[in-house]
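Two independent chains are provided; combine them into the complex using the hints.
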Amino acid sequence: MADNAADVAEDYRQALEDLTVNSRIEIATLTNIARENANHGFAIAETLANHIKKVPPSRTLPALYVLDSIVKNVPTPYVLYFGPKLYSIFMGAYTKVDNATRRKMDEMLKTWKEPVPGSISTKPVFPLEQVRPIENALMAARNAAFAAQQSSYQGQQQLMRGRQPVPSRETPTPPTARAYQPPPQQLPYSGTNGYRPDAAQQPYPTHPGSTPIHHRATPQPAPVAGLYPPSQQPAGQVYGASQPGISIDKLKDDIQQLIVAEKAEFAQDPLDTSKQTRLKALLDLQMFIQSQDMPQDQLMAIRDRVAALAVNIRPQPAVPAAGAGVAAPSAAFPGVPYMNTPTPPVVSQQPTPVPSAAAAAVVAALARPSSAAAAPPPLPAPGGGVSIDSIFGQGALATLLSGAARKSATPQPTATPAPQPPPAAAPAVPALGPAATAAIAAALRSPPQRPVEPARPASAAPPPSDPSALLAMLRQSGLLKSGSTGTPPSAAPLPATLGAFQSLAGVGADRSLQLNPASLKIFRPHLIAKLHEELGPPCSQCGRRFKTDDESRRKKTAHMDWHFRVHQRMTEAERRGQHRSWFVDELVS
Amino acid sequence: MSIPGLGQIAPQQPTPSTTRTITLRPFWEWRFQVPRSSSTTNAAAGATVRLISGTAERDGTELALNRAYTFPRNTQSKLLTYTGATLEVSGDVVDRVAQYAAPEDSPQLMVLNLHFALQELRAAASKNRSQNNHLDDNNGAGAAVGSSSMPAPGPRVMICGEKSSGKTSVVRTLAALATRAGGQPLVASVDPSEGLLALPGTVSAALFGTVMDVEDPAGGFGVNGTPSSGPSAVPVKLPMVYYLGRERAEEDVPLWKDLVSKLGSSVRAKLAADEMVRETGLVLDTPAMTVAKADMENLVHAATKFAVNIVIVIGSAKLHNELQRRLGNERTAHGEAITFTLLDKSEGVAERDKEFMKFAREAAIKEYFFGDAKRTLSPFTQSVGFDDVAIYKIPDDSDFYDNQPALEAAEVSAEMSHWTLAVMNASVNDPPDTIRQAPVMGFVAIADVDEDRRRLKILSPVSGRLGNRPMVWGRWPEPYINLLG
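Same order as they appear, the protein sequences are chains P and B. Per the UniProt record's numbering, residue 1 is the first one in the first sequence, and the count goes up by one each step. Per the UniProt record's numbering, residue 1 is the first one in the second sequence, and the count goes up by one each step.
Chain B with its partners taken away, still in its complex shape (with noise of 0.2 Å):
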C-alpha cells in the first residue's frame, strides 16, 4: 500500500534526505536549484531552507533567522553569507555549496566592493546636496568640469555583458545592498527577454525602497512584486512598463530605442524630483550584448539616454575596451566623465536552458493572472464580441521596413488564442504612433476564440470593460497554453 506523500507523516524522524544542515563559511556560497517537476506527487511544493545561525543573503537581501523560505520550482539562485551560516534545508533541491579558501577568491567580493564604492558617491552626492555647491563636482568618480546648474544625482551604473555572465544578478544584489543600506535606487531593466515587475516582451523600471521576496523565483523583481487589490506580505513595487513586444531588442531597434528614451527620461525626471532616489541613483540591466556594431550602438544610446556615469562589464574585456572606445570621451547629462570598470564573472552563472526560460515566462504570466502560494490572485474571465474591442497587432518581421506603421489594426482569429496582449494606457482613437508607445496598464490573455459567434473570452486582472484600451498583439511572450489548464 501506498500512499503518495504518506511518507512524511512521522516528521519525528525526518530522513537524511529530507532534511540537511549546510554549514557555510565566510564568502561561501550554497547554490542551488529547484527542479521543475520531480517524481514525488507533491508537485507544488519547491524546497525550503531555513537560516539556523548565522547570516545569509539571496541577492543581497537577508534572510531572517528561522524563517522557512520556500523556494517553488524551477528557481536557481543562490544563498550566501559574509559572515558564515549555517542552513537547513528540506525539498526537492539539487545543490552544491562553493567552497573559498578567502574571501578574496570568491567572486562576490568585487560586488560587494562595488556596493561599498556606491556608497561612497551616494554619501558624497549627499553631501553635494547639502552644501548645494553647483561650482565643485564632489562626485568621485566624476570631474569637477562643466557641472550644470544642478547638482550631479547619485551613481547611475549601467551594468553590461555577454550572454549568461550574471548581469542580472549583480543588478538585484546592487539593488538590494542600496535598499539594505537605508537608499531608494531606481532599478530600470531594457532587456525585453525576462521583464522586470512585468511580463517578458517589455522594458521598465521601479523604485526599490522597500525590501524584496527572497522567495520569489526573480528574488523579487518577478512580476509578482506588483500590486494587487489586497494586502501583500511582502511590499510591492510599483513599476512604469512599456511594451516592446519582441524577445530581443535587435528585432525591433527603432522602437526599442524610443521605449529607452522614454524610460530614460522617466528615470532622469525621477531622479531630479525626489531627493531619496536623487542619491541612491540608479542601477540600469541590459540585454546580453556582443562587440558588435549594432549591439555597441545599443548600449550606448541606453548609457545616454540614462544619463549612466558608470558602466560595469562583466566578464568580457573585450566589450569593457570597446565600450570604453565608445563612451570614454563622452560626457554625461550633468557633466561627469565616465568611469569604466571589468567585474569578474562568478564561475557559479548556471546556464539557463530554453526549457528553463520557457518555465520562467509562463510562471510568470501565471503568477501575473492568479498570483503565488503566497498571495492568491482571482483574475477575471469576460466574453466580448469581436467589435467591442480595439486589438493592434505588431507588423510582421518580414515586411519590416521604414515607414511601415507602428501598428495594424489586427484582425481577430482563432490564432490569437493563448497569446498574452498588452493593454495600453491609451486611447483607442489616438493615432498608432502614440499608442505603441504608450505605457502599459497591463496584460489580458486571450482564453479563448469563438470565429462563429464573432466572441472573444478573455482573461483580464481587473473587472471592467476593456473596450476603451487599445490592446497590442505582440510576439512575446509567446503564447501559454495551459494557463487555464
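Here chain P stands alone, though its shape is the one from the complex (with noise of 0.2 Å):
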C-alpha cells in the first residue's frame, strides 16, 4: 500500500495548492478527505505539516485551518500525527507570518487547550504537554522583548475585564464571519469553533447531515449566546461604509475608555514620550469632538480610527497571558459593549490582504475622505499591516481633523483631504494652519525638527485661524491672482513659502520664464500652486488631481471605479495566476 500512499499523498498536496484563501468549503472538503483517507492519515499529516512550511505567509493561515479542523474533527489519528510535530508546525508558521496572522494563531492556540465544543470528550484538542512548550516559546520571545511593557499588562488586562461581559470560555474567534462578507465568496474558515455555529445555520456543503461533522458542528446554546448576543444589529451595520449614522455619544464613550486604557499604560511608564503624546492626542481629540460639531462622514472616520486604536491595545493584554486573558479577543468585535467597531474585524478577520484591499476599494469609491488611511496596502507592511502607526496612522487623524476644521471654519466646498497646508507661511515667518489643526497635528507628532526656522510664528503671524485674511493679504500682495480660478481658500497659504516675498521683486520684473539657467533659477512661487491646489484635490488612492469641473469630476468617477474594478479584478487574478504580455510594436497610448 505504499504506492498508494503517496498517490493520496500526493493528491492531497495538489488539493492544498490551490487552498489560497480562508474558504471554509475547502477546508471542509479538505477535512473531509483527510477522514476518508485516516488509513494514510501519517502521510497526510506530513503533506500538510510539510505545506504549511513551505506555502508563502499569505497562505499559511489557511492551511493552519486545515490542521485545526482536521485535529478537531478526526482527532484519531491525526492529534497523534501532528502532535509531536506540533511544535515545529506551529512556530515555523509564527516565524514567518504578519502580526494580524500572528494573531488569529494565538486564537487558534488557546482553543486547543480546550475540548472541541459539544464534544463529549473532555479532553483538550491537543495535550496540554504539547501545547505548552509554544506557549512558553512565544511568551519568552515577548518577554525578552517587551520587558519593559510587562508590568502595564496586569493594569490594563483589568480594564479590559472590568468591562467585558461575554463568559470567559468564549472563545476566541469572531462571530460574524458571515456579516461582512460579500455575498458571492465562499465563507472563511474563521477557527473551527467559529465556524460550527455557521454549519448548524447552513447546511454542510459536503456531506449535509450524514458525517460527523455535522453532528458535532451543532453548537452548544452557550457559545451561541455568546457569539450571537441579543444586542448586535444586522449584518450591514458591521460594514463601515453603509452604515447610515453613528452615534456621537458611542464615540466619545470609546474613546474616554481608550482614555482610560491609555492612562493606565501611561501611568506605568511616565517617561515614555509616544505614550505620553498619544495620551495628549486623544484628550485633544476628546475635546475636539465635545467642542465640535462635526459632520457624520468624519465622525465615522475618527471611528474607524479610534477602533483601529483599539484593536492595538488588544493584542497587548491579550497575548501574553494566552491562557487567562480569553475575553480580551472579543473586545473589537461588533455587538460588544466595549466597543462598536466595523473595520478592524475586517481587517483582522481575512488572512489574505486582497479582501481588505477590496474593501478599501469600496471605501474609497464612496469618496469618504481619508479613506487610504482606513485601508490597509494591498500587501501587508513589512513590519506587520497592524502596527498602531500604519492602522491608526497619526497623522491620519490629524489630517481628518485638520479638514474638519478647515470646513468649519472656511467654506471650503468639499470634505475631501486637500493637502495639508504645509507650515503656512505669513511673511518670512511660518506660521502653523488653523489652530485646531496646529494643536492636535503637534500633540500626534513627535516633536518636529526646526532647525533654521528664524523666529516663533507667534509674534509676526496673522492670526492664523482666518484663512480668509490671510488670502486677502496675499491678494493684496499680489501674490494670488484675485481671479485665480477655482482655487480653494486653503489653498491660498501655499505659494506664500518661505522666501517669497523677497523674490517677490524679481517675479515681477522676470515673469517669463526662458530657457536659460538664468531665467531657470528664479523662485516664482505662484507657480508652486500648479502642480497642486490648481489640479484640484488628489485621489486618496494613488495621488492624481482631478480639477472639480463637471469633466474632471466625471474622469475622476471614473478613475476611482477603475480602482475598485482593478481591486476586485486582482483577487481573482492572483488565484487565477497571471503572466507577463509580450510587447507590442508599435507606439500605441
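Source of the hints: derived by calculation from the structure; they are not laboratory data. These numbers come from a predicted model, not from an experiment. C-beta: ideal position from N, C-alpha, C; glycine also. Each statement offered as a hint is correct.
With beta-carbon atoms standing in for the labels, derived distance ranges:
| hint | chain 1 | residue 1 | chain 2 | residue 2 | range |
| --- | --- | --- | --- | --- | --- |
| 1 | B | Asn-321 | P | Arg-576 | 56 to 64 Å |
| 2 | P | Glu-129 | B | Ser-463 | 45 to 53 Å |
| 3 | P | Ser-512 | B | Asp-396 | 53 to 61 Å |
| 4 | P | Lys-53 | B | Arg-465 | 35 to 43 Å |
Listed below are the simulated EDC-like cross-link pairs for lysine to aspartate or glutamate, each with C-alpha atoms no more than 20 Å apart in a straight line:
| hint | chain 1 | residue 1 | chain 2 | residue 2 |
| --- | --- | --- | --- | --- |
| 5 | B | Lys-262 | P | Glu-586 |
| 6 | P | Lys-96 | B | Asp-372 |
| 7 | B | Lys-374 | P | Glu-574 |
| 8 | B | Lys-257 | P | Glu-586 |
| 9 | B | Lys-262 | B | Asp-430 |
| 10 | P | Lys-556 | P | Glu-534 |
| 11 | B | Lys-457 | B | Glu-415 |
| 12 | P | Lys-530 | P | Asp-549 |
| 13 | P | Lys-85 | P | Glu-46 |
| 14 | B | Lys-237 | P | Glu-586 |
| 15 | B | Lys-237 | P | Asp-585 |
A few chain P residues that don't get close to chain B, going by computed Cβ distances all over 12 Å:
| hint | residue |
| --- | --- |
| 16 | Ala-5 |
| 17 | Ala-6 |
| 18 | Asp-11 |
| 19 | Lys-123 |
| 20 | Leu-128 |
| 21 | Thr-548 |
Pasting the structure below:
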C-alpha cells in the first residue's frame, strides 16, 4: 500500500496548493478527505506539515486552519500524528507570518487547550504538554522583547476584563464571519469554533447532515448566545461604509475608555514620550469632538481610527496571557459593549490582504475622506499590517481633524482631504494652519525639528485661524491673482513659502520663463500651486489630482471606478495566476 | 529565546528606530536608500513611507496622503516637497534630509522651472494647432523660419550628461510633471545600459499618460510597469522596444544608430498622428556621454532622428558648449532652431556602484518574469528540442568588421544557461538584418540546457510555441544565475 499512500499524499498536496484563501468549504473538504483517508493519515499529516512549512506567508493561515479543522474533527489518528511536530509546525509558521495572522494563530492555539466545543470528550484538542512548550516559547520571546511593558499588562487587563460581559470560556473567533462577507464569496473558515454555529444554520456543503462533522458542528446553546449577543445589529451595520449613522455619544464613550486605558499605560511608564503624546492626542480629540459639530462622514472616519487603536491596544493584554486573557480578543467585536467597530474585524479577520483591499476600494468609491488611511495597503507592511502607526495613522487623524477644522472655519466646498497646508507662511515667518489643526497635529507628531526656523510664529503671524484674511493679504501683495479659478481658500497659504516675498521683486521683473540658466534659477512661488491645488484635490488611492469642473468630476468618478474594479479583479487574478504579456510593436496610447 | 521577527509583535510600542517622523520644509528633499540586504530576517521587506501632511513627490509623481508606500530593496531615490511635508518612515532605510535655506538653493528649482517653461511651449503648440497657422511658428523656443506644412509639435527635449549626473531622474521628473499637468508625454531612452520599461540591453519608447508607480524601484519606469494578462494596481505603459544586446552604444555603433533611427521615426510618427501627444512632446534619455568625438556623433545622431528642439545638458559646461557648437546651426525637421540649456547637477545624485546596478538588472529580470510584491506573475517553463527553436547570436566583438552579418545562427550549448534572450517580432524565415532590427516581443530565460538529450528548458512569460519566432542571444544583460533559485 506504500504506493497508494504516496498517491494520496500527492493528491492531497495538490489539493492544498489550491487553497489560497480562507474558504470554509475548501477547508471542510480537505478535512473530509483527511477523514476518508485516515488509513493513510500519516502521509497526509506529513504532507500538510510540509505544506505549512513551504507555503508563502499569505496562505499559511488557511493551511493552519486545515490542520485545526482536522485535529478537531478527526482527532484519531491525526492528533497523534501532528502532536509531536506541533511545536515545529506552529513556530515555523509563526515566524514567517505577519502580525494579524499571528493573532489568529494565538487564538487558534488557545482553542487547542480546550476540549472541542460540543464534543462529549473533556480532553483538550492537543495534550497540554504539547501546547505548553509553544506558549512558553512565545511568551519568552515576547517577554524578552517587551520586558519593559510587562508591568503595564496587568492594569490594562483589568481594565479590559472589567467591561467584559461575555463568559470567560468564550472562544476568540469572531462571531460574525458572515456579516461582512461579500455574498458571492465563499465563507471563510474562521477557526473551528467559529464555523460550527454557521454550519448548524447552513447545510454543510459536502455531506449535509450525514457526517460526524455536521453532528459535532451543532453548537451548544451557550456559545451561541455568546457569539450572537442579542444586542447585535444586522449585518449591514458591520460594514463601516454602509452604515447610515453613528452615535456621537458612543464615540465619545469609546474615546473615554481609550483614554482610561492609555492613562493606565502611561502611569506605568511615565517617561515614555510616545505614550504621552498619544494620550495627549486622545485628550485633544476628545475635547475636539465635544466642542465641535462634525459631519457624519468624518465622525465615521474618526470612529474607525479609534476602533483601530483599540484593536491595537488589545493584543497587548491578550497575547502574553494566552491562557487567561481569553476575554480580551472579543473586545473589538461588534455587539460587545466595549466597542462597536466595523473595520478592524475585517482587517484582522481576513488572512489574505486582498479582501481588505477590496473593502478599501469600496470605501474609496464612496469618496470618503482619508479612506486610504483606513485601508491597509494591498500587502502587509513589513512590520506587520497592524502596527499602531499603520492603522491608526497618527497623521491620518491629524489630517482628518484638520479637514474638519478647515471645514468648520471656511466655506470650503468639499470634504476631501485637500493637501494639508504646510506650515503656512506669513511674511518670512512660518505659521501653522488653523489652530485646531496645529494643536492636534502637533500633539500627534513627535516634536518636529525645525532647525532653520527664524522665529516663532506667534509674534509676527497674522491670525492663523482665519485663512480668508491670509488670502486677502496675499491677494493684496499680488501673489495670488484675485480671480484665480476654483482655488479653494485653503490653497492660499501654499504659494507663500519661505522667501516668497524676498523674490517678489524678481518675479515681477522676470515673470516669463526663458530657457536659460539664469531665468530657470528664479523662484516663482505662484507656479507651485499649478502643481497642486490648481489641479484639484488628489485621489486618495494614488494621489492623482482631478479638477472640480464637471468633466473632471466625471473623469474622477471613472478613475475611482477603475480603482475599484482593479482591486476586485486583482483578487481573482491572484487566484487564477497571471503572466507578463508580449510587448506591442508600435507606440500606442 | 529569539524568534526572528517577533520583535514587531507589539506594534503599540514602536521603538524610535523603526518609525520616525521626518518634517520637510519647502524644497527640502528626503534622500533615501533601501539597503540590498539586511541583518534582520525580514529580507523581502523594504522601507515604508507615509505622507502624513503636506505634499511630496517622487520624481514628479505625487504621493497620496496617508497611504503607506513600500520601497523595495535596492531602491535609491528621494522624496521632494514644494510645499512642506511630514513623512512617517519605518523599516530598513539609510537616509538623510537635504535642507536648503531658500528655494533658489535647491537644484530641483531649475527642473521645476524647466517644466513650466516646457508647459508654456506646450500651450503654444496647442494654440498653434487651434489657429492652424502655417506661416507663423509660434513655438517660443524656435524661430519663425522655414515652417513646414505641419505645425511643429510640442517640445522634444533631449537630456544629456556625463555619468551619474542625474539624467534619468530629470527625465522621469519632467515626464511625470507633464503627465500630472494632464499631458501625454512620449518618453524614449536610447541608453541600453538600463532599459526603460524593458530589460537592460534595449532602447525603447512609450507614452506616459497615466500615473507612475511610486513604489517601483525605477520609479514607474521599470519593466514592471508593462502589461500582464491580469489587472495592475497602477496603469500599465506599453513600450516599443528594440534590442541592442550590449551594455553601451559604443559596442555596436552601427546597430545602435539603426535602432535609434527606427525608434525616432516611430516617435515622430506618433507625434504627428496623435493630438494630445503632439502637444506634450517628447522627453529623451541618453547614455552617459563625454565630449569625445564618437560620443558627440552619437548624440547628434539621436538629436536629429528624434527631431529634438531642446537640448538640456546636466552639469557639464564643456558638453554643453560642444553640443551647441555641433548642433547650434542645425534646424529640426520642423524648421526650428535648437535651444541649449545647462542645468546644475544635483549634489544629491548618488553614485551607483556596480553591485547596485547588478542588483537592479537582476531585479528587473526577475520582475519581468515573476512580477513584484504587488502582482505575482507565473511564467511558463517549457522543454523544447534544440532543433525546435531558432536562436541567433550577436557576433563576437573580436571579429567585428564592416561587412559582418548582423546575426549568426547560434549553436545551442550549455554556455547559454541562465542567459536572457530577446524574442523578436519577426519570422524565422526573415533575413538576419530584418530580425536584428525587428521590435522585441519579449524575453525568455534559458533555465537549463541538456546537451545529451539535446533539449532546452525555457522560461517564457507567455505560453505557447516559441519555434516560430527568432530569438537573439546578446551580451547584455548578463546571465542571472539565481533566477529560478
